[in-house]
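Numbers given in this note's numbering equal positions in the sequence shown, counted from 1, plus 20.
Heads up, a few of these hints could be off.
[Said to hold, decoys possible] Per label pair, the in silico range of CB-to-CB distance:
#1 Asp101 / Gln57: 29 to 37 Å
#2 Thr76 / Thr132: 19 to 27 Å
#3 Gln57 / Ser116: 21 to 29 Å
#4 Val67 / His96: 17 to 25 Å
Hints were generated in silico from the structure; no laboratory data involved.
Here a beta-carbon is modelled for each residue, glycine too, at the ideal position from N, C-alpha and C.
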Amino acid sequence: MGTLSSELAPLRAAQARGPLVYGDANLPAPLVSYMRQHLHWDVLHVVDEPLWRRATDVAHFYRARDLRRTLVTLDHDYLGDRRFPPVDSPGVVVLSAPDHRGLSRLLDEVNTYLRASSAPLPLAGRKLCLRPGWTARSCTAPA
């Protein structure tokens with residue numbers, strides 16, 4: 021038996037209109053608003069939860085897994101497979117663009133990609149590096 025959140029996660033996934041996302045503290049609030057209001061994603065942003073604001077990257081990674089949410093971040097540390105093994109993850113999206121407009125465009129593109137997938141967690145076990153001109157491929161960084 022898991023936690024209440026982990027046990028209820030499958031029910032939440034079934035009711036969600038869009039992808040289930042876990043935004044870490046590096047994700048700017050305007051980008052979270054964009055995901056929620058424009059893309060209609062179900063975003064749990066750690067900044068909204070005082071107890072999780074200062075948690076470690078590892079804690080966020082495993083909490084996203086337990087909640088069955090794809091982790092979205094600007095932090096390239098999550099690309100290290102030694103600390104953040106893809107096999108343990110519901111998926112990681114690392115965004116990289118020079119400004120809010122560029123990040124929003126990337127999210128629009130990945131939204132199209134995610135909606136084309138029929139799986140509730142289309143990125144399970146994968147990592148995506150999203151930069152201008154990205155393609156839908158997994159990526160890793162040196163551990």
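To see whether the hints hold, each was checked on the structure:
| no. | hint | verdict |
| --- | --- | --- |
| 1 | Asp101 / Gln57: 29 to 37 Å | 33 Å, holds |
| 2 | Thr76 / Thr132: 19 to 27 Å | 33 Å, violated |
| 3 | Gln57 / Ser116: 21 to 29 Å | 23 Å, holds |
| 4 | Val67 / His96: 17 to 25 Å | 19 Å, holds |
Checked against the numbered hints above, the structure breaks only hint 2 and satisfies the rest.
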